[in-house]
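Order-wise, the sequence lines are chains F and Y. For the first sequence, our numbering assigns the number 365 to the initial residue and increments by one for each residue that follows. For the second sequence, our numbering assigns the number 365 to the initial residue and increments by one for each residue that follows.
Check before you lean on any hint, since a few could be wrong.
For chains that are exact copies, the list does not tell them apart, and a pair is met inside one copy or across any two.
No more than 25 Å apart at the CA atoms, straight line, and that leaves these computed lysine to any residue pairs for SDA-like [claimed, not checked]:
hint	residue 1	residue 2
1	507	638
2	651	428
3	651	445
4	562	622
5	562	619
6	447	562
Derived from the structure by calculation, the hints contain no laboratory data.
2 protein chains.
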Amino acid sequence: MTQENRQWRLARRPVGMVQERDFALHREPIPTPSDGQVLVRTRWLAFEPAMRGWIEDRPNYIPPVPIGDVMRGMAVGEVVESKLDGYAPGDRVTGMLGWQEWAIGDAGLRVLPPDTDPRIALSVFGITGLTAYFGLLDIGQPKAGDVVVVSGAAGATGSVVGQIAKRKDCRVIGIAGGAEKCAWLTDKAHFDAAIDYKAENVGERLDVLCPDGVDVFFDNVGGPILDAVLARIALHARIVVCGAISAYNAEERPPGPRNYYRIVAQRGRMQGFVVIDYLSRAAEAMKDLATWVAEGHITWEADVQQGFENVPKTLLRLYSGQNFGKQLLEL
Amino acid sequence: MTQENRQWRLARRPVGMVQERDFALHREPIPTPSDGQVLVRTRWLAFEPAMRGWIEDRPNYIPPVPIGDVMRGMAVGEVVESKLDGYAPGDRVTGMLGWQEWAIGDAGLRVLPPDTDPRIALSVFGITGLTAYFGLLDIGQPKAGDVVVVSGAAGATGSVVGQIAKRKDCRVIGIAGGAEKCAWLTDKAHFDAAIDYKAENVGERLDVLCPDGVDVFFDNVGGPILDAVLARIALHARIVVCGAISAYNAEERPPGPRNYYRIVAQRGRMQGFVVIDYLSRAAEAMKDLATWVAEGHITWEADVQQGFENVPKTLLRLYSGQNFGKQLLEL
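Could you build the full structure based on these sequences and the hints that come with them?
Structure, rendered in structure tokens:
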């Protein structure tokens, strides 16, 4: 066991595409828990596209990670020492441990059942699953028979969104990059159709696949894909604005959706949300998600990288679309 | 009395800024009403920014005016001959008579009380008032104390929106072009503040006037003004998308709002609507609007042009911002 705590700290604010050198490896002694705290050994790290926004100094839903601080991030770890009731050495816990091998935690950490697969704890049964569940059901409000389109559909959130929509008897079309991802969407995740935006014209394919328009669009991507869908929304369409990964690393903020005005004639609604507003309702989502996973309605993938030294590099995989399913790293 | 019916017909689809020559003057015999119809002499025509959309061959909330047809338009007229129960010669009526001196109407026309001022019938008590009322109250859902910002604030719809918001105890900021319009907003329409977008930086002025952000934005304009407001929305902001006059005459659709993504962090909502969906609830709006006008809570202006030959020219006034209040023409 290493006798020091390695950390990835934010070295500087990225300009344009985030780079490995925006983070710096730092070593410090392993911390000691005080009363009411636990010492946790980090085992798995989870990566989210939203991280690009966390390291930017712009108004956002959480304060930016200060330069010089350990990078914020969800993780699964193991309690090594506990001065906190209800937490015992050996317990598996999940929470915002950050990009470090050892972390001090408190009652904000959630203890996982001993047999939990960390990969599902950090995806379908984590923030990702909650985002998909509440974003689709609360904001998108799909009804049986609706056409639901999902961008970033082979990503961790998008794939769960589409499978929940299928469970709600919608017709589901996923947009993803590459034949392999698209085949997975239709063959494994049981989407009704998939569009490979790298090889196909999204608008033309939508015209064929849903000539009566799109009732719910769950957007993780923004950019030209958002515009292609806006041009084809049905009456009273709901556009769930979850992400805009196509724009996160732009040096200058790109133009917005020129077809936004279609929401007038179509009486549409574009709405944003942040999953932390729904944490108090997590149990309700987890119950449904657990049922659907157990029943085989939700399948999932994880892209697992290895080695603490590869942490910043692993984040970059999200923005080049290299990941397939939830991006994780095992320490 | 002229013995012919002069009409302005759509001659061609405009490219870029609509021009007088996009319409052609046509003469035909005065029509004869059949059973169930009335013959109406047009007295007042009303002009709406939305007309630019009606003459374009793009998907919209109503079919485009066909080339060669009389231009669609709201009007007030006088019944000259009636073969319809409930309509008598001399009655003042309002409805979609179109750009012509004589029109055949049916039970779709509404008879006005004899003492009605046609200028208010075609503005506050017409489609304009309904648009303001339902757009603000149903879509914008202002609460007492909210900061409500209105673009195109000295226009017919915007001025009513702001005054309804004041009646609902909101803090109201209007954005308009020119010192005269801005003075009218604060002095006559009792807005809390006005921003002259032609002379001032809208974003900087909003930072001063509402440092805690914008709760409701009623947008008639789009473009850079929409972006300036989106950058400053408060938590749970509602953006009522009513119009985008800045873009109606663009040859190529301009870029959309690059700050649309602020609705994520701010849990905001952009929503479009079309007033015709609310026609069945018109009585409810008219009751409130009549009360507020009688109580002095709503004041209004009309820009009245004269002469049937000037009809197309009068429409153009809307897109150069020459009008002050509701754009009308008296025949």
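Outcome of the hint check:
no. : hint      : verdict
1   : 507 / 638 : both (22 Å within a copy, 23 Å between copies)
2   : 651 / 428 : neither (32 Å within a copy, 50 Å between copies)
3   : 651 / 445 : neither (31 Å within a copy, 70 Å between copies)
4   : 562 / 622 : both (21 Å within a copy, 24 Å between copies)
5   : 562 / 619 : both (21 Å within a copy, 23 Å between copies)
6   : 447 / 562 : neither (52 Å within a copy, 63 Å between copies)
In this structure, the earlier hints numbered 2, 3 and 6 are contradicted, and the remaining ones agree with it.
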